[in-house]
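Chemist: If you want the building blocks of each chain, they are given just below.
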Amino acid sequence: EVQLVESGGGLVQPGGSLRLSCAASGFTFSRYSMNWVRQAPGKGLEWVSYITSSSSTIFYADSVKGRFTISRDNAKNSLFLQVSSLRDEDAAVYYCARDQDLTFFDLWGQGTLVTVSS
Amino acid sequence: QSALTQPRSVSGSPGQSVTISCTGTSNDVGGYYYVSWYQQLPGKAPKLMIYDVSKRPSGVPDRFSGSKSANTASLTISGLQVEDEADYYCCSYAGSYTWVFGTGTKVTVL
Chain A
2 EVQLVESGGG
12 LVQPGGSLRL
22 SCAASGFTFS
32 RYSMNWVRQA
42 PGKGLEWVSY
52 ITSSSSTIFY
62 ADSVKGRFTI
72 SRDNAKNSLF
82 LQVSSLRDED
92 AAVYYCARDQ
102 DLTFFDLWGQ
112 GTLVTVSS
Chain B
25 QSALTQPRSV
35 SGSPGQSVTI
45 SCTGTSNDVG
55 GYYYVSWYQQ
65 LPGKAPKLMI
75 YDVSKRPSGV
85 PDRFSGSKSA
95 NTASLTISGL
105 QVEDEADYYC
115 CSYAGSYTWV
125 FGTGTKVTVL
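These protein sequences, in sequence, are chains A and B.
If you're matching positions, the first sequence starts at 2 in the working numbering and goes up one per residue.
If you're matching positions, the second sequence starts at 25 in the working numbering and goes up one per residue.
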């Protein structure tokens, strides 16, 4: 089955860090660029970060630049997001999403919840 | 990277048509033919409904259609059905490997 499964979310204090993971299966992960998209409770979707299939190109939304780091391990079919210096406004469900040549997101995981609270 | 503007909610009776607008700028919606639409049911991940402005993925009913004019894209649901009640988000490529989503629209079937 073609799927993405996120993990690593949890409760973290403001200023803290977490490493989110996304396990891919059922398709050739190394051929696709990947993204993280988040959704704060009761709010809309926000694109967070992008990484090409070879990790040669990486981009971030201005809201997370300098605090979040995206990476991948093609040998382990895994995508990661290191989230650091967390703020209240970073609390959200974080989805990993596969994109098709910069045009659309055709495969989404179920999401992992990050809660920021002291 | 400002969010694209969508109406907060739209509603219609079963069998009617509803249209959701998505307004951006020449730097996103108006500048690229890469507008997509996603349906999100409560507690679920988004699901791709329309890509490249007007194309439907396999398995999406043909009552869903998309279009674009200048800086505004639209999603139309014709022959509204109860199972179409959900949140809908537009999304546009915004250049330099970045994307912007819409504010989201709740579709209610009366």
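Rather than coming from a laboratory, the hints here were simulated on the basis of the structure.
Small disclaimer: the values here were computed from a predicted structure and weren't measured.
Take the hints with a grain of salt, since some may be wrong.
[As the list claims (entries may be wrong)] Mimicking DSS-like on lysine-lysine, the simulated pairs with C-alpha atoms at most 25 Å apart in a straight line are: (1) K71/B with K44/A; (2) K77/A with K92/B; (3) K66/A with K92/B; (4) K44/A with K66/A; (5) K130/B with K92/B.
Chemist: Please go over all the hints and tell whether each is borne out by the structure.
Modeler: To see whether the hints hold, each was checked on the structure:
1. With a C-alpha separation of about 17 Å, the suggested pairing of K71/B with K44/A holds against the 25 Å cut-off.
2. A hinted pair counts as satisfied when its Cα atoms are at most 25 Å apart, and K77/A with K92/B does not qualify at roughly 40 Å.
3. Restraint check for K66/A and K92/B: not satisfied, since their Cα atoms lie roughly 31 Å apart, outside the 25 Å limit.
4. Note on K44/A and K66/A: the hinted pairing holds, with a Cα-Cα distance of about 21 Å set against a maximum of 25 Å.
5. Between K130/B and K92/B the CA atoms are separated by roughly 20 Å; this keeps the pair inside 25 Å, and the hint holds.
Of the numbered hints listed earlier, those contradicted by the structure are 2 and 3.
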